[in-house]
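Q: Spelled out from the first residue to the last, the chains are:
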Amino acid sequence: MNERDRERELEARLARAPREAEPARDLWPELARAIGAEPAVARESATADGARPRGLVPRLPLQIAAALALFAGGILVGQRWGEPSRAETPAPRPDGPLAAATEVQRAGSAYVSALSRLDESAGAMERDQGVDAALSTLQGAAYELVRLRPDDPQAGRILYTVSEARGDGEGPTVRF
Amino acid sequence: MAERTVRLHDRRGEFESIYREHHRRVYAIALRFARDPEGADEIVQDAFVRAWRSLPSFNGNSRLSTWLHSVAVNAALDRVRKRSRAESRIDRDVDLDRYASEVGRAMPTADIDLERAVATLPDGAREVVLLHYFEGFPCAEIAERLGVVEGTVKSQLHRARQLLKEALA
Chain A
2 MNERDREREL EARLARAPRE AEPARDLWPE LARAIGAEPA VARESATADG ARPRGLVPRL
62 PLQIAAALAL FAGGILVGQR WGEPSRAETP APRPDGPLAA ATEVQRAGSA YVSALSRLDE
122 SAGAMERDQG VDAALSTLQG AAYELVRLRP DDPQAGRILY TVSEARGDGE GPTVRF
Chain B
2 MAERTVRLHD RRGEFESIYR EHHRRVYAIA LRFARDPEGA DEIVQDAFVR AWRSLPSFNG
62 NSRLSTWLHS VAVNAALDRV RKRSRAESRI DRDVDLDRYA SEVGRAMPTA DIDLERAVAT
122 LPDGAREVVL LHYFEGFPCA EIAERLGVVE GTVKSQLHRA RQLLKEALA
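Heads up: the sequence lines are chains A and B, in that order. Residues in the first sequence are numbered consecutively from 2, following the numbering used here. Residues in the second sequence are numbered consecutively from 2, following the numbering used here.
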């Protein structure tokens, strides 16, 4: 066998090598834990007819904690600007290089303040309606975040989390 | 403006299906790079965690299998680099018999002599052989991934072929 034949034989052996291998054990349970995919509380507690259960507030902190981080900065701004609900007229749009960020923070502050007042609401129905509105707003904000930063996995995860909390079956499609 | 669509795969069930469909391919990559079953398990886990995190921003321009393959190779290369740094201090050897045994179990049709010969190549030559012959990357892309010039990849491949021919003669 000459050098060329040996080369051909080697390449043929390499080409025949299998491209799939079976792990010795099922790695999915560990992986599921690693990605934080615990059993879906929302689905387990769903009503028999598939309707979303009432009383979303108790599971809200777990499901949208990541998304609320979007507005964490707004709390600090809110402390500076006071209670947004008192403002009968919208605050003037700030100028300067940080104008956009300031505007986002101001809106976030108003959102967080309104959300914090939900606990003080009189009835469960009113609270649930407020939470639904809060999730809808969060989803809109997360949607815009993904549109602004389509390659940022964190932005995608925030949108995923909020969509999950809202019970969107297929998940949103973000168009650019 | 060009329209780009980002489909968010937002169900654990969907992701488990993706895992079930592709984990064997990923495990084969992982096992050859790690050369031990525990290391391979770690690479598989790392690869799918990376995929899970990045899936929302997967833009669908490539096939999911192609994208996952690339994620898995990156996870494997990162582990090899970390191990290389650790081994320079610890000088840990690979247990080739154990590796060959795992290859035989996990890939019953594998050419064990060939797999052993590849596993004993020097690190640089082994990486390019795995990336080129087993994973199908062209030399230019391997060079980019490894941060070397294309000529280095080609010379590593040439060297690797020589060593493999000698080992299998």
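The reader is advised that the hints may include incorrect statements.
[What the hints assert, rightly or not] A partial selection of chain B residues facing chain A, derived with a Cβ cut-off under 8 Å:
| hint | residue |
| --- | --- |
| 1 | Arg13 |
| 2 | His24 |
| 3 | Tyr28 |
| 4 | Leu32 |
| 5 | Asp37 |
| 6 | Phe49 |
| 7 | Arg99 |
| 8 | Ser102 |
| 9 | Gly105 |
| 10 | Met108 |
| 11 | Thr110 |
| 12 | Ile113 |
| 13 | Leu115 |
| 14 | Arg117 |
| 15 | Tyr134 |
| 16 | Phe138 |
Honestly, the hints are just simulated from the structure, not real lab data. Since the model is a prediction, treat every value here as computed from it, not as a measurement. Just so you know, even glycine gets a beta-carbon here, dropped at the ideal spot from N, CA and C.
Q: The hint names B/Thr110 as touching chain A; please verify it with the least Cβ-Cβ distance against 8 Å.
A: B/Thr110 check passes; min Cβ-Cβ to chain A is 5 Å, inside 8 Å.
Q: Quick one, is the B/Ser102 hint okay against chain A at 8 Å, beta carbons?
A: This hint is violated: B/Ser102 lies away from chain A, its Cβ roughly 11 Å from the closest one there, beyond 8 Å.
Q: Mind checking the CB of B/Leu32 against every CB in chain A and telling me if the closest is under 8 Å?
A: holds, 5 Å
Q: Tell me if B/Phe138 is really an interface residue toward chain A, meaning its C-beta lies closer than 8 Å to one of theirs.
A: Nearest chain A Cβ about 13 Å off; hint violated.
Q: With 8 Å as the cut and Cβ atoms as the points, is B/Phe49 at the interface with chain A?
A: holds, 5 Å
Q: Quick check on the hint: B/Arg13 CB to chain A CB, less than 8 Å?
A: Status holds, d = 4 Å.
Q: Hint check: is the beta carbon of B/Asp37 less than 8 Å from a beta carbon of chain A?
A: violated, 12 Å
Q: Given B/Arg99 as an interface hint, is the shortest Cβ-Cβ distance to chain A below 8 Å?
A: violated, 12 Å
Q: Quick check on B/Gly105 please, does its C-beta sit within 8 Å of some C-beta on chain A?
A: violated, 10 Å
Q: Verify the interface restraint on B/Met108: the C-beta must sit less than 8 Å from at least one C-beta of chain A.
A: Holds, because the Cβ-Cβ distance from B/Met108 to chain A comes to roughly 5 Å (cut-off 8 Å).
Q: Let's test the interface hint: is any C-beta of chain A closer than 8 Å to that of B/His24?
A: Holds, about 7 Å.
Q: Just to be careful: measuring from the Cβ of B/Arg117 to every Cβ in chain A, is the smallest value less than 8 Å?
A: violated, 12 Å
Taken one by one, the earlier hints fail for this structure at numbers 5, 7, 8, 9, 12, 14, 16, listed in ascending order.
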